[in-house]
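Undergrad: Sequence:
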Amino acid sequence: TGTGTGTGTETMTCGSILKHLKEKVMQSPQFARLLKSYTSLGMPLGYRGRVRRFRPGLDYTIAHYGILTRSPVLDATMCFVSGKGNQSTGNEDDDEDDMLWQSDDKGGFECYIEADNDDEEEGQPEADDEYNEEDDTKLLSVSACNNTLSLVYRDPGTMRFVKYLGIGAPSSRWDLSLEYEVEDDGEESEEVDAKDGNESDGNVD
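Quick note, the sequence shown lines up with residues 36 to 240 if you use my numbering.
Don't take every hint at face value.
[Unchecked claim] Lysine-lysine pairs mimicking PhoX-like chemistry, simulated, CA-CA at most 25 angstroms apart:
#, residue 1, residue 2
1, Lys173, Lys141
2, Lys57, Lys71
3, Lys119, Lys141
4, Lys54, Lys71
5, Lys71, Lys141
6, Lys59, Lys71
7, Lys54, Lys119
For the record, the hints were derived by calculation from the structure and aren't laboratory data. Quantities reported herein were computed from a predicted structural model and do not represent experimental measurements.
Taking the hints into account, I'd like the entire structure generated from these sequences.
TA: Laid out in structure tokens, this is it:
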């Protein structure tokens, strides 16, 4: 369970390029100001995130209570998959891969669900990666789309996961997934505590 690292020249090249974008763009003060302009939430104070790859038939993430935050955060995810990254309009000019990703039939989309407080109090460690209409409260799903930045303001009671990428998916899903602590009006800047050694954490200067 989890994201795959892959092997070979293609993976090394894609991974190094995305790592560069993450460190030089999405963790930069300039990008922080862009997020402030887009969202009107205030300046990001700190961040944590990672480069991820989801391979067809292999990878996904699981919603669990360990990812819940103590305060709201801004999720910024830059996604790369096959296709042109256009919104399908239902005509013959639509890209086949774009239509497949937007249908969500092959998975690879990110889903936000409401955490069950009763389960958390009972000590259940994690939720299933499947959305259950009867038991889960689905708040939002974000389809995979090439060269697309998605921004989601996530409150402390919300969990998220990336749906299992089916074997018939047209490509891997690569993404840059970062979450930003956002400044509240009248509050001073604070550092974001590191919670995972595999993630990069920092402050926006």
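Undergrad: Could you tell me which of the numbered hints above are not met by this structure, giving the numbers in increasing order?
TA: Number 5 - this is the single hint that the structure violates.
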